[in-house]
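Visitor: Protein chains in written order, with numbering that gives the first Met the number 0: chain A, 0 to 280; chain B, 0 to 279; chain C, 0 to 311.
You may find that some hints are simply not true.
[Stated by the list, open to error] Label pairs and their computed distance ranges (CB to CB):
| hint | chain 1 | residue 1 | chain 2 | residue 2 | range |
| --- | --- | --- | --- | --- | --- |
| 1 | A | Phe-100 | B | Gly-141 | 53 to 59 Å |
| 2 | C | Leu-298 | B | Pro-208 | 51 to 57 Å |
| 3 | C | Cys-83 | A | Ile-41 | 33 to 39 Å |
| 4 | B | Gly-212 | C | Leu-24 | 53 to 59 Å |
| 5 | C | Gly-55 | A | Phe-9 | 40 to 46 Å |
| 6 | C | Pro-102 | A | Asn-98 | 36 to 42 Å |
| 7 | A | Ala-242 | C | Leu-298 | 58 to 64 Å |
| 8 | B | Ser-175 | A | Asn-98 | 45 to 51 Å |
| 9 | B | Arg-224 | A | Ser-165 | 22 to 28 Å |
Since the hints were derived computationally from the structure, they do not count as laboratory data.
Note that the structure is predicted; figures quoted are calculated from it, not measured.
C-beta atoms are modelled at their ideal positions from N, C-alpha and C, and glycine is treated no differently.
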Amino acid sequence: MQQSIQTRKFFSVTALSLTGLFAAITVSVLFFILGYILFHGIRALNFGFFIHLPTPVGEPGGGMANAIVGTVKLLFLASLLGVPIGFFAGVYLAEFGHNRFGFWVRYATDLLNGVPSIVMGIFAYTLIVLPTRQFSTLAGGVALGIMMIPIAVRSTEEFLRLVPRSVREAAFALGIHEWKTIFFVVIPAAYRGLLTGILLDLARVAGETAPLLFTAFNNRVWSRGWMEPTASLPVMIFTYAIAPYEDWHAQAWAGALVLMMLVLVVNGGARLLLPRRRIAV
Amino acid sequence: MMGMMDKRITRATAPGVRQRSAAKDEDPPAVALMAQGLNAWFGALHAVKNVTVQIYRNQVTAVIGPSGCGKSTFIRCLNRMHEVVPGARAEGKIWLDGWDIYGQDVDPVEVRRRIGMVFQKANPFPTMAIYDNVAAGLRLNGIKKRSVLDDAVEESLRRAALWEEVRDKLQDPGTSLSGGQQQRLCIARALAVKPEVLLMDEPCSALDPIATGKIEELIYQLKERYTVVIVTHNMQQAARASDYTGFLLMGELVEFGATGTIFTNPSDSRTEAYITGRFG
Amino acid sequence: MSRSSSPSFNWGDRFFRRVCFGFALTVVAIVIGLAGSLVWNSRLAIKQFGWSFLWGQTWDPVAPLFGALPFIYGTLVTSAVALCIAVPLGIGTAVFLAELAPPRVSEIVSFLVELLAAIPSVIYGLLGIFVVVPWVRTVASPGISAVLGWMPIFRGTPYGVGLFAAGLILAAMIVPFITTVSREVLLIVPRSQREAALALGATHWETVWNAILPYARSGIIGSIFLALARALGETMAVTMVVGNRPEIHASLFEPGYTMAAVLANEFTEATYDLYLHALIEIGLVLFCVTFIVNGLARLLLLRIGHSVEVNA
């Protein structure tokens, strides 16, 4: 027997309301996370967090200054490795890569993108930690740098492709060489998107913990140079979170707040700079 | 036969026309560009078939024909832009002042400096100011001196009849101008590198009649210094603005001659059919 | 002379092309190096255990005896739990955003959902430890056991930590992937499909269920595979709540272990070569599994001409 129109309509309204409920649940998860971190983080955050080293257990005060500096050093190394490779590979794909080789480069990029971050850590471990027999900022930087590559490639290619052909043709018709056209006309035309892509890339990699666990490892004091193990914000948060000490938990919240702010500011800023664009998530 | 004459647009009847001297009674002008046996392909599609034609110096030559006849392809071969498209290829000889631009060791980039181009849709560089747009060709070819650039920019903008309108806002973005102004900006940009020949691929098709009129006026002034080749699907425009006209049909050059002759007394029946609007 | 896209005579052009090509080649080389290094650095374990590594139930560094089944089990189960929760939630949200929400709301909410994906996993883990685990221990676990405890998977002492808690957190982490991609896919379903169903007298929901969702099916399934790949490789949040016990139990409320988690915890403790190689072999398994799942995802998404950039 066919259901009556009423039943079907009722069912339709119910089902659709359910989707609204689901959407509300999803969004509330975000707000819950944000709110919780804000609440607990602010309580523990103070100026000392940014300038003090970690203190031994039980001693009040202390901060994550070395972790913040460590993260900055790691991101610096990572960009040194990841940005040039990712950028120029992206240029290749956008300008010259409409061929068989380009297909394989894209495939490799996608592959790299899908590798779990901890496996990247293993790779950096075998590459740097094993031969040098020590944990180091360098190893951590390499791990993060390789992680930056696929996103940089995709983002660069996509934004360069968005520059219309007519711009390139105009430059060619003026008798400008190809490399100058790409470098001085096309890339500047896309600079906003390119920059945002790199920033988002950095923000993502800044929050990665797993690849650092056995490359940069950790450090309770300042790490000198590039070949010593270093603390980093995410690893510190992790270490403190799983420890049994209350004051360490508080520090973990503070660290989480700082990290969260960084991520949100960059992502929010990127969305403002480039509305209506699909940002690599 | 006489009945068909009524429908033809003659120079005398087109609005706002200036009387040009009929070239046929004087010595033929010097040849700026000569295509010899030009063939062009898009992959397997043979778009331009064995075209041989002479373009005269300091004259305006129009290339007309129905859509898809190869006129854009033809003109793009003249400055070796055709081969930029992947899969496209061109063969033949094109002489510019005794120099075959399709020769063995010729760098296409060189060719494009001597033969400039303006496109159907104005394409100023999006991130550059008006000044920078005009100066782009010069800068990227190594000319950096500010004073030299200033002079070149002003001269080019004057020659493109745009100077008075933008002299106070040279630092505004190129894209802030109206469609017609942007097209004149592109003309100025092309003129800045001092080409000998200026190719125009349907430059007015995206513009309103007033802007179109301004550009046609400009073309008349430009031919004093430059050789102009203009592709147009608008026959009236060809009749108004050009001295010589070539009619292309399915990649072949059916007829070429003084504009007046082509439009009043074409020799080929196909030309006549096109001009009288029997097909478009 | 035939001229077609002729290489430039300019040394600048040639140099620039070569440089770009070189960097592109580097990417390929890195991938090959990664795979090769994983295989090479797990060779001792591969040689010693062969395929039985994959179904060995004992992970005992002291013996030494290494079998990866507990981790594979844990990884699969936590991912399955995560999918069970995230798929309806994610698709439902996507349907809401694509069909019901006014465009402005849809844009804003999509942005918020994308933000969820940007949150680092250690932060999810932090909330896992201090919010989810206590909740599971005190509310969810006893509650579900009371009602459904007759099923083996819902029995067990309420530790809090365990496969269920990990699955819950993973669900929160992968919902954004399903939602963002599904929403995009739903938005490009042509109006004609919708109108055809409505013209037949279908209710709004019936239109969605019978005309729109099936059309977008490959894309949605593709998004699920992407989410799955992410869940399989997720390390930090899982490590912090899964209990870290290399045992196989029927119940979801028992502590467990995943491949990524054991790597995080034991890598620095591998004091001898075979141990290290066994761990790296787990990394190799993880690599292969995510490779396959991502490959399937891409296949499905490519078929609808949709190129997706999502971080796993």
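Visitor: For every hint, state whether the structure bears it out.
Guide: How the hints compare with the structure:
no. : hint                                : result
1   : A:Phe-100 <-> B:Gly-141: 53 to 59 Å : violated, 33 Å
2   : C:Leu-298 <-> B:Pro-208: 51 to 57 Å : holds, 53 Å
3   : C:Cys-83 <-> A:Ile-41: 33 to 39 Å   : holds, 35 Å
4   : B:Gly-212 <-> C:Leu-24: 53 to 59 Å  : holds, 55 Å
5   : C:Gly-55 <-> A:Phe-9: 40 to 46 Å    : violated, 54 Å
6   : C:Pro-102 <-> A:Asn-98: 36 to 42 Å  : holds, 39 Å
7   : A:Ala-242 <-> C:Leu-298: 58 to 64 Å : violated, 44 Å
8   : B:Ser-175 <-> A:Asn-98: 45 to 51 Å  : violated, 39 Å
9   : B:Arg-224 <-> A:Ser-165: 22 to 28 Å : holds, 26 Å
Checked against the numbered hints listed earlier, the structure breaks hints 1, 5, 7, 8; every other hint is satisfied.
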